[in-house]
Amino acid sequence: MSQELMNQLRENGQLASQTAQVVARLVDTSTLTEEHKARMLPAIESKQVELGLLMDRLGILDSSDEIDEMLRAAATIERLWTDISAKLQNSATSDV
Numbered sequence: 040m041s042q043e044l045m046n047q048l049r050e051n052g053q054l055a056s057q058t059a060q061v062v063a064r065l066v067d068t069s070t071l072t073e074e075h076k077a078r079m080l081p082a083i084e085s086k087q088v089e090l091g092l093l094m095d096r097l098g099i100l101d102s103s104d105e106i107d108e109m110l111r112a113a114a115t116i117e118r119l120w121t122d123i124s125a126k127l128q129n130s131a132t133s134d135v
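Residue numbers (the working numbering): 40 to 135.
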């Protein structure tokens, strides 16, 4: 089970990192349209929920160095998703 959780965490983190790079580039070049934002925000929220469920599953396991490391990684990924969402929302309000 631990390997499955690690794989899911790695996948979520990679997607967060790739999404952050794309959003930063689009926001910086002002090419992110309202349509893009409308599609991206629900997808980001879905990934945040997925990560939260993954963290819940990790939290019920017996504590170990590996589990603690995964929880720290999950917290970092969670902050990244939150930052991406905030950047999108801030770019939406600055466009007005």
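Hint data in this document are derived by calculation from the structure and do not stem from the laboratory. The beta-carbon is built from N, C-alpha and C at its ideal position, and this holds for glycine as well. Just to be clear, a hint being listed does not mean it is correct.
[Stated by the list, open to error] Computed Cβ-Cβ distance ranges for the label pairs, DEER-style: (1) Gln128 / Arg96: 40 to 48 Å; (2) Glu73 / Arg96: 22 to 30 Å; (3) Thr121 / Arg78: 12 to 20 Å; (4) Glu74 / Ser102: 43 to 51 Å; (5) Ser103 / Ala82: 15 to 23 Å; (6) Asp101 / Gln128: 36 to 44 Å; (7) Thr121 / Asn46: 18 to 26 Å.
[Unchecked claim] In silico lysine-lysine, DSBU-like type, Cα no more than 35 Å apart, as pairs: (8) Lys86 / Lys126; (9) Lys76 / Lys86; (10) Lys76 / Lys126.
Enumerated hints in conflict with the structure, sorted upward: 1, 2 and 5
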